[in-house]
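Student: What follows is each chain in one-letter form.
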Amino acid sequence: MLNLFKNKSKDLPEFWENYEAKFQEKQPTEIAETRFVVFDTETTGFDLAKDRMLCIGAIGVRNKSIDVADGFEEYISQETFNPKTVKIHGIIQHERIETLSEEEAVKAFLKYIGNSVLVAHHAGFDIGMVNQALTRMGLPKLKNKVLDTVNLYRGTRIMSNLINREKSYSLDEIAETYHIDIKDRHTAAGDAFITAIAFLTILGKLNTDNKLKLKKLFRY
Amino acid sequence: MKNTIASRIADFLKNYPPFNLLQKEDLLTISKQVKVKYLEKGKTLFAEGDTGHKRFYVVNKGAVSLERINNGQRETIDKCDEGDIFGLRPLFAKENYLINAIADEETVVYAIPIKKFKPLSENNKEVGNFLIQSFASNTRNPYAEAHKGKLISDKEPEENQYQPNNNLFELQPAPVTRKVVMTSPETTIKTAAQLMSKKKVGSVLIVENNIPKGIVTDEDYRNMVATGVFAIETPISKIMSSPVICYPRGITIAQAQLTMMKHHINHVCITEDGTPNTKVVGVVSEHDIMVSEGHNPSVLMKAIQRSSSTNELKKIRHKITLLLRGFLASNIPLNHISKIIFELNDATIKRIIERCIKKLPSPPPCDFTWIALGSQARKEQLLQTDQDNALIFEDVPEEKLEKTRAYFLELSRKVNKRLNIIGYEYCPAEMMAKNPKYCLSLKEWKQQFTNWIIEPGSDEILLCSIFFDFDISYGNIKLSNELANHIFSLTKDNKKLYAVMGATTLRNPSPLGFFRQFLVEQNGEDKDFFDIKKRGITPITDAARLLILYHQVKNISNTAERFEKLAQLEPNNKELFLACAYASKVLQKFRTKHGLENRNSGRFIDLENLSKEEKIKLKRCFKSIRQVQELIKFRFEVTPYI
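In order, the protein sequences belong to chains X and S.
Each step along the first sequence adds one to the number in full-length UniProt numbering, with nothing skipped, and position 184 is 184.
Each step along the second sequence adds one to the number in full-length UniProt numbering, with nothing skipped, and position 540 is 540.
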């Protein structure tokens, strides 16, 4: 066991080591200096074990601003046929989008995210999807800190017994509240963009006194 | 790599100039470099004197106001909303910004990198022209003049000095439109008419090298063309009135109106030196004068009643805010201000409901009442705050109940959404008619209140405190009156309810002495701020509600008015109640003033910025609150419930 632990780093591929190394660096404590990566995955279904990712879309957020140039959008080729993938296959063929293997996509994604804070709507699921893929590649789980916009949004709601505090809000509901255009709903990158705008709006609402700290976000 | 987000951004930009003039590929390239920025309400994007950013901005959502400080006064130069561009200075000059850009509401802007955009604007003349004109004129869409080649004035135009609500309206400088529709003398009557139709204007200026030669109005068309005197292929110069009446910049409204009366005209041309021999700078029209006068309640009221889109109402709402600011600045009594603002708010809500009913496929299946709750019902809503509302519909047979409710929920969803768009935020506790809990039949409402009143737990009391202050906004008043009667029958001599409500009133003790504490308290997160709503307005409102309920007085929901009524009813406590009425007004005014200054709800007051006089005033208010709280404590025997 001890031996295995020692050799762990040797067994892992270089890209993973590069990814891991980034967490040795000192990480920013201020929201303004932090790079957030807001992401979303399109999948064949909701079963973490059986279903697969079709596409990963992500966008970088720093200092209250979404940098479109700092985006990520990769489509993943499927080994097995699944009727649920037909629609996305259609898009892929129609627009002649290049696809990557799952391994290549995850590798690119790790490089892209680095040690940024990940943000997603119902983050548990998307993180789970990526972790499953990592497991299939024989790698450990994601090391990034994670924020879930569902919890953050809940934090903007008042403390009152009159509303259901446990309610889980859908991205559509949040988009309606904040008047976010939901044109590319259900494409990974489109959803990531909507989530990113929602994320910025939520930060604005939570940051009423201009003193909001990064640490506090993880408590929602 | 496919880039969904960039395409989405391009999709938005392509609807607005100058981006609509770009090639698709270029637009996509630019879009890939965009940064999407979120600005909280009141956030300054750049300020006068700041070094130029590397990007200029397009409003995607919300509104940005461009302001400049003039003699210590904040002066709005322009308001940018969806699709408008601003912050162009760094694109042309390596100078610092000369204006402030401040988010008027929650705003999302797209930041376009100048380095990438500049080559495009240099290669595409149309794009370049548009930008130069936008920049030079500070108008956002100078297209009305774009069809005339050289229109950029040789000097940078002076900003419109017009400020509403200052001194005498007539002595204000007249509003000058720089978007002048112009054409050359050789143009045919037909082409000129087409141009006027396209620009939706009633007159066109005839110019040669930008020197005004004549003017043609709708009337000239009627008198000289429609009557058959001139054919439509004739040059426009044949029918123009000449010379044009010209004035220099800075003409006052009174001067402009006199000139128009004297010459029977409705446009005055503004040229560089005020003679017809220099270049056109702009036009003053009778219409614009009327509109600018529009910061006047009766004109706004008409505008609300005639409005045909939510966007229009949103713009009117902005004017209402200006009006409010003017009122406060000129120290008009708060009673008067709140009444006017209430009426305007009320008209806005009515108008929205009217329009939403028309949008639905069928008329309402039965009578209903839209009620406002909380501050709007108390006529205390000066700033736009949250929307609190509910809907009562007539009792219908059991089998039709759900279908009827479905109709009203759909209506409410539309109304709530539009109220949100014009600036009333959604109620965080979801006390809105679109919530099925608050869209009930009269019978259900009665049952609801019975439950609340009979079992007054803390949640129920909170709901009572919100729902006891209701006021009809739209619909059949019978329904709301019947509900009010029901409430009074339940609350009459209900000692337990009074005691529990009394305890709630005392929950926020008056913060007397907090200034001293403040001086001692050097640490702690909120040390600089004071919550005027929680510690001042809520306790005094609660007290008024309880006392007026005790006296079973109907149809007065304003806190100050309630205390004035109480002063009549209880002559022995007259002094205290009048002091409370005064305190309520002072606190409201405080909140409103601070809200306007900081563009927020005004709830949190920065103690450091209060003057000595203001502090003394506040202190006096809190003294009255404490006294009325003492009175409640003894009258309703609340001690066991505290």
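Hints in this document: simulated from the structure, not taken from any laboratory.
Keep in mind that the hints are not guaranteed to be accurate.
[Unchecked claim] The calculated DSSO-like cross-link candidates involving lysine-lysine, where the alpha carbons are at most 27 Å apart (straight line), are: (1) X/205 to S/319; (2) S/417 to X/215; (3) S/533 to X/183; (4) S/43 to X/64; (5) S/94 to X/183; (6) X/107 to S/94; (7) S/534 to X/213; (8) X/167 to S/24; (9) X/183 to S/633; (10) X/183 to S/125; (11) X/183 to S/534; (12) X/183 to S/623; (13) S/319 to X/183; (14) S/61 to S/534; (15) S/118 to X/64; (16) X/64 to S/54; (17) S/2 to X/216; (18) X/183 to S/14; (19) S/125 to X/205; (20) S/115 to X/216; (21) X/205 to S/2; (22) X/205 to S/414; (23) S/61 to X/211; (24) S/41 to X/211; (25) X/211 to S/533; (26) S/125 to S/115; (27) S/319 to X/213; (28) X/64 to S/612; (29) X/205 to S/118; (30) S/32 to S/115; (31) S/612 to X/183; (32) S/94 to X/64; (33) S/24 to X/111; (34) X/211 to S/199; (35) X/213 to S/41; (36) S/612 to S/623.
Student: Evaluate each hint against the coordinates.
Tutor: Tested hints:
no., hint, result
1, X/205 to S/319, "holds (26 Å)"
2, S/417 to X/215, "violated (34 Å)"
3, S/533 to X/183, "violated (39 Å)"
4, S/43 to X/64, "holds (12 Å)"
5, S/94 to X/183, "violated (38 Å)"
6, X/107 to S/94, "violated (43 Å)"
7, S/534 to X/213, "holds (25 Å)"
8, X/167 to S/24, "violated (43 Å)"
9, X/183 to S/633, "violated (57 Å)"
10, X/183 to S/125, "violated (33 Å)"
11, X/183 to S/534, "violated (41 Å)"
12, X/183 to S/623, "violated (55 Å)"
13, S/319 to X/183, "violated (32 Å)"
14, S/61 to S/534, "violated (32 Å)"
15, S/118 to X/64, "holds (25 Å)"
16, X/64 to S/54, "holds (16 Å)"
17, S/2 to X/216, "violated (35 Å)"
18, X/183 to S/14, "holds (15 Å)"
19, S/125 to X/205, "violated (42 Å)"
20, S/115 to X/216, "violated (37 Å)"
21, X/205 to S/2, "violated (33 Å)"
22, X/205 to S/414, "holds (24 Å)"
23, S/61 to X/211, "holds (25 Å)"
24, S/41 to X/211, "holds (16 Å)"
25, X/211 to S/533, "holds (21 Å)"
26, S/125 to S/115, "holds (17 Å)"
27, S/319 to X/213, "violated (37 Å)"
28, X/64 to S/612, "violated (38 Å)"
29, X/205 to S/118, "violated (35 Å)"
30, S/32 to S/115, "holds (13 Å)"
31, S/612 to X/183, "violated (54 Å)"
32, S/94 to X/64, "holds (26 Å)"
33, S/24 to X/111, "violated (31 Å)"
34, X/211 to S/199, "violated (49 Å)"
35, X/213 to S/41, "holds (20 Å)"
36, S/612 to S/623, "holds (17 Å)"
Hint violations for this structure: numbers 2, 3, 5, 6, 8, 9, 10, 11, 12, 13, 14, 17, 19, 20, 21, 27, 28, 29, 31, 33, 34, all remaining hints satisfied.
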